[in-house]
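**Student:** Given chain A's structure and the hints, the job is docking chain B onto it.
Chains as they are written, first to last, in our numbering: chain A, 1 to 269; chain B, 1 to 326.
Keep in mind the hints are simulated off the structure, nothing from the lab.
Not one of these hints is a red herring.
Derived lysine to any residue pairs resembling SDA-like cross-links, with alpha carbons at most 20 Å apart:
no.	chain 1	residue 1	chain 2	residue 2
1	B	K316	A	I111
2	B	K316	A	V104
3	B	K316	A	L108
4	B	K316	B	I250
5	B	K316	A	V112
6	B	K316	A	A101
Over the 12 Å line for every Cβ pair with chain B, so calculated as not near, a few chain A residues:
no.	residue
7	G45
8	A53
9	S58
10	P59
11	T73
12	A181
13	R215
14	H216
From the three backbone atoms N, C-alpha and C, an ideal C-beta is built for every residue, glycine too.
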Amino acid sequence: MKRVDWTTLPFRVLGWMVLVFLAAPMLVVFPVSVTPNRWISLPSGGISFSHYAAVFGSPDWLSAIGQSVVIATATMVVAVAIGTATAITAWRMAGHWIIPALRVLVLLPLIVPTVVSALGMYRVWVDFGIFDSWAGIIIAHTILATPFVFLTVSASLTNTDRRIEQASRTLGAGAFRTAWAVLVPAARPGILAGAVFAFITSWDEIVVTMFVTARHIFTLPRMIFEEIHDNLDPAVAAVSAMMMLVTVAVAAVLLWRDLRGTPAASEKP
Amino acid sequence: MDARVKPADDDNDCRAIQLHCIRLLDASRDERLLLLCAGHPVCKKERALKSLPKLDRYWLLLVPVVILLGVFYLYPLVRVLLLSVTDPEVGVGNFERLIIYHGPRRVMFNTFRICAITTVISVSVAYLLACVMVHAPPRRRRIMLALVLLTLWISVLVRAFAWLILLDDNGVVNNTLRAMGLISQPLALVRNETGVLIGMVHYLLPYAVLPLIAAMQSIDPALIRASHSLGAGRVRTFLSIFVPLTLPGIAAAAVIVFVFSLGFFITPSILGGGRVVMLAEYVSVTVLEELRWGFAAAQAVVLLVLTFLVLGIAGKLLGARRILPS
Chain A
1 MKRVDWTTLP FRVLGWMVLV FLAAPMLVVF PVSVTPNRWI SLPSGGISFS
51 HYAAVFGSPD WLSAIGQSVV IATATMVVAV AIGTATAITA WRMAGHWIIP
101 ALRVLVLLPL IVPTVVSALG MYRVWVDFGI FDSWAGIIIA HTILATPFVF
151 LTVSASLTNT DRRIEQASRT LGAGAFRTAW AVLVPAARPG ILAGAVFAFI
201 TSWDEIVVTM FVTARHIFTL PRMIFEEIHD NLDPAVAAVS AMMMLVTVAV
251 AAVLLWRDLR GTPAASEKP
Chain B
1 MDARVKPADD DNDCRAIQLH CIRLLDASRD ERLLLLCAGH PVCKKERALK
51 SLPKLDRYWL LLVPVVILLG VFYLYPLVRV LLLSVTDPEV GVGNFERLII
101 YHGPRRVMFN TFRICAITTV ISVSVAYLLA CVMVHAPPRR RRIMLALVLL
151 TLWISVLVRA FAWLILLDDN GVVNNTLRAM GLISQPLALV RNETGVLIGM
201 VHYLLPYAVL PLIAAMQSID PALIRASHSL GAGRVRTFLS IFVPLTLPGI
251 AAAAVIVFVF SLGFFITPSI LGGGRVVMLA EYVSVTVLEE LRWGFAAAQA
301 VVLLVLTFLV LGIAGKLLGA RRILPS
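So that you can see chain A by itself, here it is in the shape it has in the complex (with noise of 0.2 Å):
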């Protein structure tokens, strides 16, 4: 027999409040997004995929959702080649002084105010001639986002076993062979969580694009903050649905990983 614990049962449901809160923004999009209607509300008598075809009927969303794609992977490759080696570096040269610097300038783009390194780029991005191009929308975005693929990696290593390191330089591989057979494998799982954190950094990011970005470069979270901002168009629900779609799909995968490692076990009464 189960006895209901009365005291807290006020507080356990303000708690479930709280996670219907933190849903709520789900729960909306995606009714909004099958509405007959031509204007934002909730579907009454039926529903209609009619704003997913406008979407996708429409050079202007498909060209953002291309360059989209696009910019996420190749700041996800980068960012990720880049996040990775100074990871294996940081965690091999633990104890030299440099670490603890090079730690903070890796972190230094996730403290620093994002509008605050926005406008620092906005001036160099010109005069580098990068501003309003691939390469200059790639390189921002990687550099929000190899801190993310710095930490995963670094987590990842740090139940690593030194000795392994050792034995493959003992073995006569050098440097780079060993951080390239030996502890990329061996940071794997920091790899991949790293790289989710990297495409989807770069798929939601707006505040840098917006500064260094024109008219050339028009990514999706751009076309996005537009549309917002000129007229609510059920298209804009269409659009977020799918943006969140893709999201909770990837993270689903690395959290379900995650959470199934937790042993019920040691989950204390």
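**Tutor:** Just chain B now, kept in the frame of chain A:
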């Protein structure tokens, strides 16, 4: 590891150390060092040992990150921040303007107030949720945690848009309340400070929940049992044992929320409807629309100083490990 090879006490061991040193150098495949070491008398071994880690090829792996962050991040940052005292003329004129004029002063005051309110609400609500979560049965706790973590991933734009739909005059919340007959006039929930606060609390709540859960889970259950067995009731145990033990977690959550909220841009811009301007948005308006670089840079300096001030104080109080992810 190389630097940590202890020099032997006995001089007779010098030869062995030299051999070991040569082996290590061989592993690092730096021929110049190998020659250097081989040509030197044994007593120079320590110098060779010390210089070894510095020349390790691992350092080459840092070249990309140093270029990326040095050339494309630090240099632009320093250059633009210097504009605050050089543009349009050399001096502290931009900072004076920030204080003298009513507009920027109000923006700074608004930013500070909104951040403070957001922090208080977020941490209180997160405390309640974290409390419920750590006391829930494992299975249910995992579902709750998954929900919290999932919201962490959703785009700030999508969330702002969703809140706009929910809170608008003809939005879901107002329509529901009207249908229930609770209100006759729509509540002004968005395009004002209320909307900004709702959006910001929603964004920052998960960031406050996670450190609080960590703090609560680290409490030794024996302390709670001891309190009960010594005759304290539930309320007393909660207030004088549980809450004090979570104070570092509360402080960490508050710092994280406050620092993040300082730089908020998109949420106030969309949910404030142009009426609630925070510092980050003000920076962008000053530069992108008014092209006043020096003035924008001065605001950026204020944002940056505030951020590091809060982090610095928190680091002193809590130890940097708790604030910066490690």
